[in-house]
Amino acid sequence: MIKITEKTIDVQKVIETASSLGAGAVNVFIGTVRNHAHNKNVVWLEYEAYEAMAVAETRKIIDDAAGRWPLLGWAVSHRIGTLKPGEVAVAVAVSTKHRKESFEACQFIIDRLKEHVPIFKKEVFEDGEEWVGARPEAQPTAQLN
Amino acid sequence: MIKITEKTIDVQKVIETASSLGAGAVNVFIGTVRNHAHNKNVVWLEYEAYEAMAVAETRKIIDDAAGRWPLLGWAVSHRIGTLKPGEVAVAVAVSTKHRKESFEACQFIIDRLKEHVPIFKKEVFEDGEEWVGARPEAQPTAQLN
Amino acid sequence: MKVRIKAYGIARDITGGTLDLEFDGQTVAHLRKSLYERYPALSGLASMMVAVNQQYAGNEVALHADDEIVLIPPVSGG
Amino acid sequence: MKVRIKAYGIARDITGGTLDLEFDGQTVAHLRKSLYERYPALSGLASMMVAVNQQYAGNEVALHADDEIVLIPPVSGG
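For the protein sequence lines, the chains are A, B, C and D, in the order given. For the first sequence, position 9 matches number 9 in the numbering used here, and the numbering has no gaps at all. For the second sequence, position 16 matches number 16 in the numbering used here, and the numbering has no gaps at all. For the third sequence, position 9 matches number 9 in the numbering used here, and the numbering has no gaps at all. For the fourth sequence, position 63 matches number 63 in the numbering used here, and the numbering has no gaps at all.
Bear in mind the hints are in silico, worked out from the structure with no lab data behind them. Just so it is clear, CB atoms sit at the ideal spot from N, CA and C, and this is done for glycine as well. Each hint should be verified, as a subset may be incorrect.
Now the stretches of chain A that chain C is said to cover, found in silico as 3 or more residues with beta-carbon under 8 Å [what the hints assert, rightly or not]:
(1) 42-50
(2) 78-92
(3) 115-126
Dumping the calculated DSSO-like pairs for lysine-lysine here, alpha-carbon to alpha-carbon at most 30 Å [as the list claims (entries may be wrong)]:
(4) B:K97 <-> A:K40
(5) A:K97 <-> B:K97
(6) B:K114 <-> B:K100
(7) A:K100 <-> B:K84
(8) A:K100 <-> A:K13
(9) B:K122 <-> B:K40
(10) B:K40 <-> A:K100
(11) A:K60 <-> C:K6
(12) A:K60 <-> A:K3
(13) B:K13 <-> A:K84
(14) B:K60 <-> A:K97
(15) D:K33 <-> B:K114
(16) B:K7 <-> A:K97
(17) A:K40 <-> A:K122
Taking CB as the label site, the calculated pair distances span [unchecked claim]:
(18) B:R68 <-> A:L21: 28 to 36 Å
(19) A:L21 <-> B:D10: 15 to 23 Å
(20) C:E68 <-> B:K100: 33 to 41 Å
(21) B:G67 <-> D:G44: 31 to 39 Å
(22) A:N39 <-> B:R135: 50 to 58 Å
(23) D:K2 <-> B:V124: 34 to 42 Å
(24) A:E115 <-> B:D127: 44 to 52 Å
Model the full assembly from the supplied sequences, consistent with the hints where possible.
Here it is as structure tokens:
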């Protein structure tokens with residue numbers, strides 16, 4: 001299951017979808033909205049996705065992971081729209097026979113997802129907003145000393 | 001939360017307990033009962049724990065993990081009693097600011113738990129039963145060729 | 001040639017979203033050159049990928065009038 | 001000395017569970033020696049830890065009559 005959704009992510013459903021009777025291990029990564037970033041309070045986040053391609057790119061990542069580890073089940077769900085602190089932005093679950101490979105495969109999938117999948121996040125602060133990662137890293141001059 | 005319980009593990013509860021508003025990452029490991037082991041069908045498993053010490057040893061592992069990674073929340077729940085294939089035997093969840101440390105801390109906790117916490121597992125097959133790990137690894141002569 | 005382009009995230013904020021662009025040449029490189037001239041702010045982004053028919057496309061990729069062309073600023077899912 | 005011992009898992013199956021053991025000496029090492037004599041099957045285990053008052057105890061640890069002493073065969077949680 002690869003899902004891009006405006007609705008609250010049902011983590012239990014993601015886990016169940018990834019589970020398998022032959023598996024002894026399920027690893028789950030849940031990305032949640034932090035209540036602060038860059039020492040500022042996050043009021044909300046906005047996520048948008050180039051959906052068709054986001055699904056296709058995620059599928060490639062899963063296929064790649066399945067070639068590296070013997071996955072018995074998997075599921076990825078990514079939220080879009082407006083999210084408040086504490087809400088789940090992404091959930092990735094994989095099941096494998098043994099535990100080590102479940103950790104490795106899950107981390108691989110979320111790492112790749114963050115690098116390659118066309119989903120875009122805007123942080124909205126009390127005094128402004130910012131597309132995450134959009135600008136080259138600025139040197140915060142106030143902190144250079 | 002450290003829990004040794006005869007009741008079905010509520011994974012969602014474990015995740016909620018480990019979650020934190022300041023966290024951006026939650027990693028969850030779920031150990032489930034496989035339907036086969038050593039090429040035999042597992043009918044059921046029996047887990048027993050030396051409960052007071054199991055809780056104390058798990059607490060030490062958590063303290064150790066908290067000294068290595070900045071944990072914002074955590075929860076460990078281990079089932080005892082009779083478990084059928086597919087049921088959850090253990091759930092570990094940790095939340096941290098960033099994702100890498102959530103994977104590392106969660107894996108550390110489950111690895112240590114399996115090595116140090118006095119919980120004992122008996123596999124019951126159609127034709128017999130076996131305390132897991134109790135005997136020195138026998139060379140399965142039938143597979144030596 | 002003339003193509004229709006869609007943009008997401010900060011690239012949408014800069015370009016206004018869907019746009020029709022006429023430019024000299026046939027490749028992604030030519031498209032980029034024309035875009036950067038028209039929207040100089042795009043060159044200030046940490047990166048900007050171009051996707052053609054839902055695949056990330058290098059500068060050498062040749063474009064066709066009916067391709068699905070999308071501007072992809074730095075991704076930040078998860 | 002005389003102590004009461006509890007055992008889990010396969011060690012319980014071998015010893016019958018709770019047992020009173022009288023043996024020469026004061027340490028975990030002496031306890032082990034006496035246990036292995038009385039229950040030779042214990043020495044066939046992959047490992048057997050002794051916990052004293054809910055702590056894993058090395059062979060040199062001195063025992064007292066009212067200690068909580070528990071035999072811990074190979075653990076297999078998770």
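Hints, one by one, checked against the model:
no.	hint	result
1	42-50	holds (count 4)
2	78-92	holds (count 3)
3	115-126	holds (count 8)
4	B:K97 <-> A:K40	holds (15 Å)
5	A:K97 <-> B:K97	holds (29 Å)
6	B:K114 <-> B:K100	holds (22 Å)
7	A:K100 <-> B:K84	holds (23 Å)
8	A:K100 <-> A:K13	holds (23 Å)
9	B:K122 <-> B:K40	holds (14 Å)
10	B:K40 <-> A:K100	holds (22 Å)
11	A:K60 <-> C:K6	holds (23 Å)
12	A:K60 <-> A:K3	holds (14 Å)
13	B:K13 <-> A:K84	holds (20 Å)
14	B:K60 <-> A:K97	holds (28 Å)
15	D:K33 <-> B:K114	holds (28 Å)
16	B:K7 <-> A:K97	holds (24 Å)
17	A:K40 <-> A:K122	holds (14 Å)
18	B:R68 <-> A:L21: 28 to 36 Å	holds (34 Å)
19	A:L21 <-> B:D10: 15 to 23 Å	holds (20 Å)
20	C:E68 <-> B:K100: 33 to 41 Å	holds (35 Å)
21	B:G67 <-> D:G44: 31 to 39 Å	holds (38 Å)
22	A:N39 <-> B:R135: 50 to 58 Å	holds (56 Å)
23	D:K2 <-> B:V124: 34 to 42 Å	holds (36 Å)
24	A:E115 <-> B:D127: 44 to 52 Å	holds (50 Å)
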